[in-house]
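Below are the chains, spelled out letter by letter.
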Amino acid sequence: MKMPTARQRRLRTILFWAVPAILLLVPLGTNAYTQFIVNGMLISTLVTLGFTIVIGNLGQLAFANTAFFGIGAYGSAILAAKLGVPWLLTIPIAGVFGAAGGFLASAAALRGIRSYYLAIITLAFGELMRWSYLHAKPLTGGTDGLPMPRETLFGTSLTDDTVKFYVFLVVTVLLVKATANLLASRFGRAVMAVRENEVATASLAIPTSRVILVTFIWSGFVVGCAGALFARHIGHVFPESFGMLHLIASFAMVLVGGLGSVLGAVLGAVMLTALPEYLRAFPGMEELFFGLIVAAVLVALPMGLASLLRRLSPIFVERFYREAR
Amino acid sequence: MFMQLTLSGLAQGAIYALIALSLTVVYRSTTVVNFGHGDFVMAGAFLSYVLVVLGGVAFLPAGALAVVAMFVLGVLFNRGLIRPILGGPHIGLALMCIAGGYVLRGIARMVWGREVLPMPPVFDMPPIFFGSLVITGDAIVIISTVLVLLLCFFGLLALTDLGKMVQAVYQSPRGARLIGLNVDRFNDVSWGVGAALGALGGILVAPVTLLHPDLGASFLIKGFAAMTLGGFGSLGGAVLGGVLLGIGEQYAGAYLDSSLIEITAYVIIVLVLFVRPQGLLGRKAVVKV
Chain A
1 MKMPTARQRR LRTILFWAVP AILLLVPLGT NAYTQFIVNG MLISTLVTLG FTIVIGNLGQ
61 LAFANTAFFG IGAYGSAILA AKLGVPWLLT IPIAGVFGAA GGFLASAAAL RGIRSYYLAI
121 ITLAFGELMR WSYLHAKPLT GGTDGLPMPR ETLFGTSLTD DTVKFYVFLV VTVLLVKATA
181 NLLASRFGRA VMAVRENEVA TASLAIPTSR VILVTFIWSG FVVGCAGALF ARHIGHVFPE
241 SFGMLHLIAS FAMVLVGGLG SVLGAVLGAV MLTALPEYLR AFPGMEELFF GLIVAAVLVA
301 LPMGLASLLR RLSPIFVERF YREAR
Chain B
1 MFMQLTLSGL AQGAIYALIA LSLTVVYRST TVVNFGHGDF VMAGAFLSYV LVVLGGVAFL
61 PAGALAVVAM FVLGVLFNRG LIRPILGGPH IGLALMCIAG GYVLRGIARM VWGREVLPMP
121 PVFDMPPIFF GSLVITGDAI VIISTVLVLL LCFFGLLALT DLGKMVQAVY QSPRGARLIG
181 LNVDRFNDVS WGVGAALGAL GGILVAPVTL LHPDLGASFL IKGFAAMTLG GFGSLGGAVL
241 GGVLLGIGEQ YAGAYLDSSL IEITAYVIIV LVLFVRPQGL LGRKAVVKV
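Listed in order, the protein sequences are those of chains A and B. Just so we're aligned, residue 1 is where the first sequence starts under the working numbering, counting upward by one. Just so we're aligned, residue 1 is where the second sequence starts under the working numbering, counting upward by one.
This is chain A alone, in the form it adopts within the complex (with noise of 0.2 Å):
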């Protein structure tokens, strides 16, 4: 695979902040229910990303995801609810508690619960997360779910879609941005060497299991950001938005946008977002969609869209970045 010269990479850097520039006319040409999907797209974006992270770039086999999910939505409404916390400083907050809940799934990685061992405890997890959201009524409101408080922001109500896409662009922007540069640097190398082979990682003097740790509390928090807009998205945090449904959707925008793909997480959530609106009126076809899709890239395009796009340019090929064999 050919790298990207000096100068593909620096006007790779020229695109990458005149993607969210040009962004930031896209609610000139939206109504409000395009809007909404837009302002979904991004989240979906986040939660991609802090997925392709564990699975596709430190290749751990944890389905945590939607935990990290709940966690950060439940969080940031908790605080803004019951404690009356601005919206703007629970999305810290909620990446903090997100980024807890990968603690606890590194914890578990690193006791030497691995492969499906580890899918199984972290599904575990999340249904575990899932039947406390129930059961924790005080808090959660149940299978009423919790109401977001309303709030203004500089003057304007947060219950419009544009005030709120321009904090989610600028949340994502930040978060994706900080990711690309974590898996660009020395540590990414050391991420993708675990997943190579952390035997002989190990060997080279990099501490295996802190690359471990701090990836998953990396993607937690990212995960958990995203909680805290999509609270702030629907305006109402319910249990049933954290259930399976959720992880096959993530799993799909993973794999269409490219295994441990930066710019992959990005083209699969923004694809996969809008199409599953269109089908949620006719029953099961959702579930029906994913699956197929699910099923036909892992057959047919493995490494999913950004692998194609590598091969068209070295301007996509992210740093050290190797394909699967």
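These aren't lab readings, by the way, just hints derived from the structure by calculation. We put the CB at the ideal spot given by N, CA and C, even for glycine. Be aware that a few hints might be false.
Claimed, not checked - Only some residues are given here: those of chain A computed to face chain B with a beta carbon under 8 Å:
#: 1; residue: 128
#: 2; residue: 281
#: 3; residue: 285
#: 4; residue: 290
Said to hold, decoys possible - Per the computed footprint, the stretches of chain B lying under chain A, defined by three or more beta-carbons under 8 Å from a beta-carbon of chain A, are:
#: 5; stretch: 55 to 68
#: 6; stretch: 109 to 118
#: 7; stretch: 171 to 185
#: 8; stretch: 256 to 270
Claimed, not checked - So the derived list for chain B, only partly shown, Cβ under 10 Å to chain A, looks like this:
#: 9; residue: 32
#: 10; residue: 35
#: 11; residue: 36
#: 12; residue: 72
#: 13; residue: 99
#: 14; residue: 101
#: 15; residue: 103
#: 16; residue: 104
#: 17; residue: 273
#: 18; residue: 277
With chain A's structure known, arrange chain B on it following the hints.
For chain B alone, coordinates are given in the frame of chain A:
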């Protein structure tokens, strides 16, 4: 009270044992953990529902038909979707199973919508009173069916040449291939048997539970919990784990809090993996460098 709980726990546990066993059969042959297995269970229940309620077939032939159909589906799933990516990373295999499960769930929901369907009573015999113990027809049918099935299954493995072949493939698929066993076909059959046994679990619970397209998810977790408790990959352990889980749930629900029934399985998974990852009957995994 105690005996009553134990009995209903046994009936539940028999189903869990069946599901855990079917997961283990697939896992041991292809080393794939079928994350879509819950939906195979659901599909079995739904197929029998369709045949009984919409097709007017009697329950027994309907169940048999559903089991055969699911066997074929399991074989096709392995051939078409698992075998092409079997050499790849675990993540791809896990995702493929989940995707397959979702397709089944999507189809079920397309046909039945978001309703919850009750199956007409099938095991319509008067309960037997045994002192203060009430033995329902469902419990008798479930426990005896599973018991007979398990006897046949383990009998086949222990006493016949087929059992020796199974042992050979489990120990070394490559070695088995070298001595002329058709491992690909063995894997096909394993997936078929796994799907059929799982579906049978669904068919047996169909008359005593409400049917909806999402019913597989909880059975999948119960199956995992049973496997983990008994020892991941151990056939006998899966059965033991299933029975213990079924009984444990009933005790936890009655003596502690009824809302605990739903999470007993999750708690067991977390506890066992942290405290004794090899489970009750499993052997300690040796990490080779």
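Now the hints, each set against the structure:
Among the interface hints, the one on residue 128 of chain A holds; its C-beta lies about 5 Å from the nearest C-beta in chain B, closer than the 8 Å criterion. For residue 281 of chain A, the interface hint is violated, since its Cβ never comes within 8 Å of a Cβ in chain B; the closest pair sits about 12 Å apart. For the restraint placing residue 285 of chain A at the interface with chain B, the shortest Cβ-Cβ distance is roughly 7 Å, inside the 8 Å limit, so the hint holds. Interface restraint check for residue 290 of chain A: the shortest CB-CB distance to chain B comes to about 6 Å, inside 8 Å, so the restraint holds.
Counting residues of the stretch 55 to 68 of chain B whose CB lies closer than 8 Å to any CB of chain A gives 0, so the stated coverage by that chain is violated, three being the minimum. Coverage of the stretch 109 to 118 of chain B by chain A holds [criterion: at least 3 residues with CB-CB distance below 8 Å; count 5]. Counting residues of the stretch 171 to 185 of chain B whose C-beta sits closer than 8 Å to any C-beta of chain A gives 0, which falls short of three, so the coverage hint is violated. A stretch counts as covered by a chain when three or more of its residues have a beta carbon under 8 Å from one of that chain; for the stretch 256 to 270 of chain B and chain A the count is 8, and the coverage holds.
At a threshold of 10 Å, the smallest CB-CB gap from residue 32 of chain B to chain A is about 9 Å, leaving the interface hint in force. Satisfaction of the interface hint for residue 35 of chain B is found here, the shortest Cβ-Cβ separation to chain A being roughly 7 Å, below the 10 Å cut-off. Contact between residue 36 of chain B and chain A, as hinted, is supported at the beta carbon level, the nearest pair being about 9 Å apart and thus within 10 Å. Restraint check, residue 72 of chain B versus chain A: the minimum CB separation of about 18 Å is more than 10 Å; hint violated.
At a threshold of 10 Å, the smallest CB-CB gap from residue 99 of chain B to chain A is about 4 Å, leaving the interface hint in force. Here the hint on residue 101 of chain B is kept, as its CB sits about 7 Å from the closest CB of chain A, short of 10 Å. Of the supplied interface hints, the one on residue 103 of chain B holds, with its beta-carbon coming within about 4 Å of a beta-carbon of chain A, less than 10 Å. At a threshold of 10 Å, the smallest CB-CB gap from residue 104 of chain B to chain A is about 8 Å, leaving the interface hint in force.
Proximity of residue 273 of chain B to chain A holds as hinted, the smallest CB-CB distance being about 5 Å (cut-off 10 Å). The criterion of a C-beta within 10 Å of any C-beta in chain A is met by residue 277 of chain B, whose closest approach is roughly 7 Å, and the hint holds.
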